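Protein chains: 2
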Amino acid sequence: MTAYVPPMDLDEFRQAGHDLIDWIADYWERLEDLPVLSQVAPGDIRASLPASPPEAGEPWADIMADVDSLILPGVTHWQSPNFFAYFPANASPPSVLGELLSAGLGVQGMLWATSPACTELETHMLDWMIELCGLPDRFLSTGPGGGTIQDSASSGALVAILSARERVAGQWRMPELVAYTSEHAHSSLEKGVRIAGLFAEQIRVIPSDENHAMDPVKLREAMVADIVEDRRPFFVQATTGTTSTTALDPIEAIADVCKDFGAWLHVDGAFAGSAAVAPEYRFVNAGLQRADSYSFNPHKWLLTNFDCSLFYIADRGPMISALSVLPEYLRNEATEKGAVIDYRDWQISLGRRFRALKLWFVIRTHGAEGLANFVRSHVDMAQDFAERIGNHPSYEIVAPNPLSLVTFRHIGGDAENERIRDTINASGDAYLTHTKINDQVVLRVSIGSQHTEQRHVDAMYGLLDTLA
Amino acid sequence: MTAYVPPMDLDEFRQAGHDLIDWIADYWERLEDLPVLSQVAPGDIRASLPASPPEAGEPWADIMADVDSLILPGVTHWQSPNFFAYFPANASPPSVLGELLSAGLGVQGMLWATSPACTELETHMLDWMIELCGLPDRFLSTGPGGGTIQDSASSGALVAILSARERVAGQWRMPELVAYTSEHAHSSLEKGVRIAGLFAEQIRVIPSDENHAMDPVKLREAMVADIVEDRRPFFVQATTGTTSTTALDPIEAIADVCKDFGAWLHVDGAFAGSAAVAPEYRFVNAGLQRADSYSFNPHKWLLTNFDCSLFYIADRGPMISALSVLPEYLRNEATEKGAVIDYRDWQISLGRRFRALKLWFVIRTHGAEGLANFVRSHVDMAQDFAERIGNHPSYEIVAPNPLSLVTFRHIGGDAENERIRDTINASGDAYLTHTKINDQVVLRVSIGSQHTEQRHVDAMYGLLDTLA
Chain A
1 MTAYVPPMDL
11 DEFRQAGHDL
21 IDWIADYWER
31 LEDLPVLSQV
41 APGDIRASLP
51 ASPPEAGEPW
61 ADIMADVDSL
71 ILPGVTHWQS
81 PNFFAYFPAN
91 ASPPSVLGEL
101 LSAGLGVQGM
111 LWATSPACTE
121 LETHMLDWMI
131 ELCGLPDRFL
141 STGPGGGTIQ
151 DSASSGALVA
161 ILSARERVAG
171 QWRMPELVAY
181 TSEHAHSSLE
191 KGVRIAGLFA
201 EQIRVIPSDE
211 NHAMDPVKLR
221 EAMVADIVED
231 RRPFFVQATT
241 GTTSTTALDP
251 IEAIADVCKD
261 FGAWLHVDGA
271 FAGSAAVAPE
281 YRFVNAGLQR
291 ADSYSFNPHK
301 WLLTNFDCSL
311 FYIADRGPMI
321 SALSVLPEYL
331 RNEATEKGAV
341 IDYRDWQISL
351 GRRFRALKLW
361 FVIRTHGAEG
371 LANFVRSHVD
381 MAQDFAERIG
391 NHPSYEIVAP
401 NPLSLVTFRH
411 IGGDAENERI
421 RDTINASGDA
431 YLTHTKINDQ
441 VVLRVSIGSQ
451 HTEQRHVDAM
461 YGLLDTLA
Chain B
1 MTAYVPPMDL
11 DEFRQAGHDL
21 IDWIADYWER
31 LEDLPVLSQV
41 APGDIRASLP
51 ASPPEAGEPW
61 ADIMADVDSL
71 ILPGVTHWQS
81 PNFFAYFPAN
91 ASPPSVLGEL
101 LSAGLGVQGM
111 LWATSPACTE
121 LETHMLDWMI
131 ELCGLPDRFL
141 STGPGGGTIQ
151 DSASSGALVA
161 ILSARERVAG
171 QWRMPELVAY
181 TSEHAHSSLE
191 KGVRIAGLFA
201 EQIRVIPSDE
211 NHAMDPVKLR
221 EAMVADIVED
231 RRPFFVQATT
241 GTTSTTALDP
251 IEAIADVCKD
261 FGAWLHVDGA
271 FAGSAAVAPE
281 YRFVNAGLQR
291 ADSYSFNPHK
301 WLLTNFDCSL
311 FYIADRGPMI
321 SALSVLPEYL
331 RNEATEKGAV
341 IDYRDWQISL
351 GRRFRALKLW
361 FVIRTHGAEG
371 LANFVRSHVD
381 MAQDFAERIG
391 NHPSYEIVAP
401 NPLSLVTFRH
411 IGGDAENERI
421 RDTINASGDA
431 YLTHTKINDQ
441 VVLRVSIGSQ
451 HTEQRHVDAM
461 YGLLDTLA
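As they're listed, the protein sequences go chains A and B. Here our numbering is used: position 422 in the first sequence is 422, and no number is missing along the way. Here our numbering is used: position 131 in the second sequence is 131, and no number is missing along the way.
Just so you know, these hints were derived from the structure itself, not from any lab. Keep in mind that the hints are not guaranteed to be accurate.
Because identical chains share one entry, a pair is satisfied inside a single copy or across any pair of copies.
What the hints assert, rightly or not - Below, simulated DMTMM-like cross-link-like pairs (lysine to aspartate or glutamate); rule was C-alpha separation at most 25 Å, straight line:
| # | residue 1 | residue 2 |
| --- | --- | --- |
| 1 | 259 | 280 |
| 2 | 259 | 416 |
| 3 | 337 | 190 |
| 4 | 218 | 422 |
| 5 | 337 | 315 |
| 6 | 337 | 384 |
| 7 | 436 | 11 |
| 8 | 259 | 68 |
| 9 | 337 | 439 |
| 10 | 436 | 26 |
| 11 | 337 | 19 |
| 12 | 337 | 418 |
| 13 | 218 | 9 |
A quick note: this is a predicted structure, and the numbers were derived from the prediction, not measured.
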């Protein structure tokens, strides 16, 4: 018999693990001093790595030394207090510990039977989050709906599209179906619709109003035009908190249109949904009791490391009908009796990790009050920043900024805005990204890192002021 | 301004992290004594949890106490040395450390630009794995193809289906397309085809030969029958190492058929593909140089915790054409110049974790030699077990067992086999699952945990002998 001798025994694992925990804590402590945006050129990292894998095992110390010298220069520091790009992606201490425990347990949650706690804690956390965010009761697992953790809002949108497609299957043919979204909706809608077998021509991009939110009158007009030509409006993706400006689509009015035409309403609150942990920001949920499905991402603004995207559905029937396949090797008594949830039927993949642990750790460590104060701190800093940048002679605010994203531009034109962005990003002192509004380049300052304090926002303002 | 005070500061994180590392090491040490299959009833775990989330934060010690008392009884121990169910899912020490580092860095790898090391280390590991497993050069990233890490082989199969659909788009309409697989292929094929907008009626399930492998003559007959009726064979999923019996479909002969009819050939080696780290088992790769795409899962048999499914493609063109959407807020110089890989175009989701770290840690810690010895140890134990169970007067082997899965049945009929399975699983001493072959219930003993030693296999044999 060939003996397998683990190259890292449990004593070594303890030592390496303690060291790595300290490495991460040290990393978080020194984040401020690292250039936020990696400054390497394409191919630099690969060129530093050996062409072939090692024949014999290598000591752990050598591997960690390479993490420092080879990998870290190629990392863009999403946890930096000076990270103002995209939307935040917080990896807080309790969430990292949850991810670690999930990896250590190494269970598969594809079926209730393959690890009951993995399914039941997830169901419980999704119900807790309904209370924490004041979400509609129709998403509670105790009714015909329920919630689950997806890897991303893209996957949630795809599951919603497939459920909507299933609901009209048999009545309408695929080429007759039409999906609707706003010009500022996330690209995941187009990707999901195409994955589901529709063509890009079956997507209507509805114009926005002056606040960059979907115009429900234009939505109705578009649906009427399609109906007249014997097409079937089957799906609408509305957004609460668009990527460009955190605009809030008017869900109630959109729901009225969806109801009249029998279309599925999916609401993408990927970023802004987390704001609802603070009761005074629950305006982001307005109309959500009318939605067929809803997604938001604690892995963006709620201290839980990627991946943790929550997906809620009001009626799980069409979803399970669309996604369930039960081969013999997965049959088991609990599933046959229908007494349990099998989350494999709520997602694209079969396998799944124990992701509820990190959400549980985050909620319990912070409590409802701590989570609310977390988002409040960012909104306060952002509103103050918006006021200052709006009063600056060279900058103008270009859209309403209801939460922690501020969108503005230098009055000198696109090239000037690109120069400012590129200069800041190349300095390593801070990182911000852009978007386009009304065909103009617009700068985005998104405040949401757990490490960001007022002084970091002040420094960002200082950079913008100097470069103006 | 509202101040956010983290409830767990970095000193507390260090202490909690060290304790959790020790908790995991202790867990792995005492795994043998825990009942493998969780013995809780549906609802038990939820009933033990508070109905509402806490208003204030709670101490870390209370949370970990609940992990022990409330969560652990609901866990089925996939890492147990007595876990012989499904296929293995090893969470080895270096892979858990890789997952921990990935969580601590908390970067997004959706674009090269959002963290270059995340993309380049992944590309490099996928190329290393080609050398480690003797995979065809056509999958190297330096040519028109390349590889990436997916969450699961289900997602890899879906990406393959979408790429194949893209390759014939414009020439054929969706309802004309037909996909083919064997009766023992994984359920992910049916799920993927349905997600892609085809109907279950557009899937042909090709009968197997006497070894439960796909019969290429029958595949050709099925394609001819479809062509005659103006349908278009567009996709074949072959399997190297089926879930039921690790049967190996004849890839060369299937590729000949695919070539004649212009169908995309995807090979699913989710479990058995890892065997190729040992040169003497590279028979699992026979014919792979003819495949358009290929998946295998280090998260099954190669010491890397879920999720880590490798997906290779010979021509990335149709995939990127099917999955690429580029909104303004993701535009950047590196992408525009075409100098880099943006893995968001290789997968369903936009966001992605730094999963290459754990694969890098596993390969470097073990070396090529250590990985080979790891799979050898299981094949050796399984072959010995198969010989003993085959010689047992009450059991018979029902299929060839080329690797580390042994499929057999008690000669007393289905009820007898179910009794044996249920008795063992209810005892908590070991966990095995079943499948059906020729409409008969068959027991599966899959040997692949990193903690499984000869004495555990002997104990499993003892249980089967006693219950016979």
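Results of checking the hints against the structure:
Taking the closest pair of Cα atoms, residue 259 and residue 280 never come within 25 Å of each other, the shortest separation being 29 Å inside a single copy and 62 Å across copies. Neither within a single protomer nor between protomers do residue 259 and residue 416 lie at most 25 Å apart by alpha-carbon distance, with minima of 46 Å and 55 Å respectively. Within a single copy, residue 337 and residue 190 get their C-alpha atoms only as close as 38 Å, which misses the 25 Å cut-off; across copies the closest is 24 Å, which meets it. When the C-alpha separation of residue 218 and residue 422 is checked against a cutoff of 25 Å, the pair qualifies neither within a copy, at 37 Å, nor between copies, at 60 Å.
With identical chains, the CA atoms of residue 337 and residue 315 are at most 25 Å apart within one copy only, with a shortest distance of 20 Å there and 45 Å across copies. Taking the shortest Cα distances, residue 337 and residue 384 never come within 25 Å of each other, neither inside one copy (56 Å) nor across copies (38 Å). Proximity of residue 436 to residue 11 under the C-alpha cut-off of 25 Å is found in neither arrangement, the shortest distances being 54 Å within a copy and 43 Å between copies. When the C-alpha separation of residue 259 and residue 68 is checked against a cutoff of 25 Å, the pair qualifies neither within a copy, at 56 Å, nor between copies, at 48 Å.
For the homomeric pair residue 337 and residue 439, the shortest alpha-carbon distance between copies (22 Å) is at most 25 Å, but the shortest distance inside one copy (56 Å) is not. Proximity of residue 436 to residue 26 under the C-alpha cut-off of 25 Å is found in neither arrangement, the shortest distances being 38 Å within a copy and 53 Å between copies. Neither within a single protomer nor between protomers do residue 337 and residue 19 lie at most 25 Å apart by alpha-carbon distance, with minima of 47 Å and 40 Å respectively. Only between protomers do residue 337 and residue 418 lie at most 25 Å apart by alpha-carbon distance; the minimum there is 17 Å, versus 60 Å within a single protomer.
In this homomeric assembly, residue 218 and residue 9 never come within 25 Å of each other (Cα to Cα): the closest approach is 64 Å inside a single copy and 50 Å across copies.
Violated hints for the displayed structure, listed by number in ascending order: 1, 2, 4, 6, 7, 8, 10, 11 and 13.
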